[in-house]
Amino acid sequence: MGPVTQTDFTPWMSLGGGVLIGISAVMVMALFGRIAGISGIARGVLGMVVPMEGTSDDAGWRIAFVLGLFVAPVAMALIGSPVEQTVSDNLVGMALAGLLVGVGTAIGSGCTSGHGVCGLARLSRRSAVAVMTFMIAAAATVHVLRHMLGVV
Amino acid sequence: MRSLCGFLAGLVFGLGLVISGMTNPAKVLNFLDLAGAWDPSLAFVMLGATAVTFVGYRLAWRQPKPMLEPKFDLPASNEIDRSLVAGATIFGIGWGIGGYCPGPALTALPLLAPGTLAFVPAMLFGLWLGSRARALDILSPKGTTS
Chain U
13 MGPVTQTDFT
23 PWMSLGGGVL
33 IGISAVMVMA
43 LFGRIAGISG
53 IARGVLGMVV
63 PMEGTSDDAG
73 WRIAFVLGLF
83 VAPVAMALIG
93 SPVEQTVSDN
103 LVGMALAGLL
113 VGVGTAIGSG
123 CTSGHGVCGL
133 ARLSRRSAVA
143 VMTFMIAAAA
153 TVHVLRHMLG
163 VV
Chain F
426 MRSLCGFLAG
436 LVFGLGLVIS
446 GMTNPAKVLN
456 FLDLAGAWDP
466 SLAFVMLGAT
476 AVTFVGYRLA
486 WRQPKPMLEP
496 KFDLPASNEI
506 DRSLVAGATI
516 FGIGWGIGGY
526 CPGPALTALP
536 LLAPGTLAFV
546 PAMLFGLWLG
556 SRARALDILS
566 PKGTTS
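Order-wise, the sequence lines are chains U and F.
Going by the numbering used here, the first sequence opens with residue 13, and the numbers climb by one from there.
Going by the numbering used here, the second sequence opens with residue 426, and the numbers climb by one from there.
These aren't lab readings, by the way, just hints derived from the structure by calculation.
Small disclaimer: the values here were computed from a predicted structure and weren't measured.
Some clues are possibly wrong.
[Claimed, not checked] Just so you have them, the derived chain U footprint on chain F, three or more residues with Cβ under 8 Å:
id, segment
1, 444-457
2, 470-480
3, 489-495
4, 503-513
5, 524-530
6, 534-540
Backbone N, C-alpha and C define an ideal beta-carbon position, used for all residues, glycine too.
The shape of chain U in the complex, shown without the other chains (with noise of 0.2 Å):
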């Protein structure tokens, strides 16, 4: 969606970014005893405000940590390097996504984090499966609005 935009290959700040998320990860195990994983955090953080069943009492920490993802880029631009970014202005086609992010990570309890980052980490067999899942789905997805229906 959007025009494609030409991205810098930036290995070493993805690295680097990938490492802060890596230690942020074990501080949720060493602290929480728990997987970092977002959309589980974000269901945990909904649960205070609409019924939802499986969520934990326990949103507090969720909360706080929902609260530092949004210090981060307003921190990020105050040490003078602001967020560069350029997302889809196709609204509708963004909250479909987002719908559909939302349904599928309910669904499939996890994603880039959950499963990605911390489930392969843990050397689990399900999470393995999802993260191939939906990196092939997303992909796939890529490849026919871009390169099929010319949607770009």
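For this one, chain U is given, so just place chain F on it according to the hints.
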């Protein structure tokens, strides 16, 4: 203390997402576009994150319990069931359309891009809807929920 720890963990996670480029949907979509403007950066995000987590988890598990909880609470299921594969497929399609997975979408919310403001509420509604579907066993008629 719990809230402060949660906040710091979230901040480190968010900084990692921002610095790595995951909060830029264009970069994510280019990573997924193998036949086009391929940007392999995100493979390095996964590499860095998974390697640190792999080692760090094993260090954390040497302790008898987490610092702020009575016990470790890890997913017990090892079953590859229909809901896992169906959910991952639906998630992947959404990820391929928008270029956002849940962490980067939430982290980018304060940047107030219109696309993000459309994505996040829909994602939260989807999380609620998907949780309902799971609770009602729609995808696993034989009672194979994980």
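Hint-by-hint comparison with the structure:
Using a Cβ-Cβ cut-off of 8 Å, 12 residues of the segment 444-457 of chain F lie near chain U, which meets the minimum of three, so the contact claim holds. Taking a C-beta to C-beta cut-off of 8 Å, the segment 470-480 of chain F contributes 10 residues in contact with chain U, enough for the three needed, and the coverage statement holds. With 5 residues bearing a CB less than 8 Å from a CB of chain U, the segment 489-495 of chain F meets the requirement of three and the coverage assertion stands. Residues of the segment 503-513 of chain F lying with their CB closer than 8 Å to a CB of chain U number 9, which satisfies the three-residue condition for coverage.
Taking a C-beta to C-beta cut-off of 8 Å, the segment 524-530 of chain F contributes 6 residues in contact with chain U, enough for the three needed, and the coverage statement holds. Check on the segment 534-540 of chain F: 6 of its residues sit with their Cβ under 8 Å from a Cβ of chain U, so the three-residue criterion for coverage holds.
The structure is consistent with each of the numbered hints, conforming to all of them.
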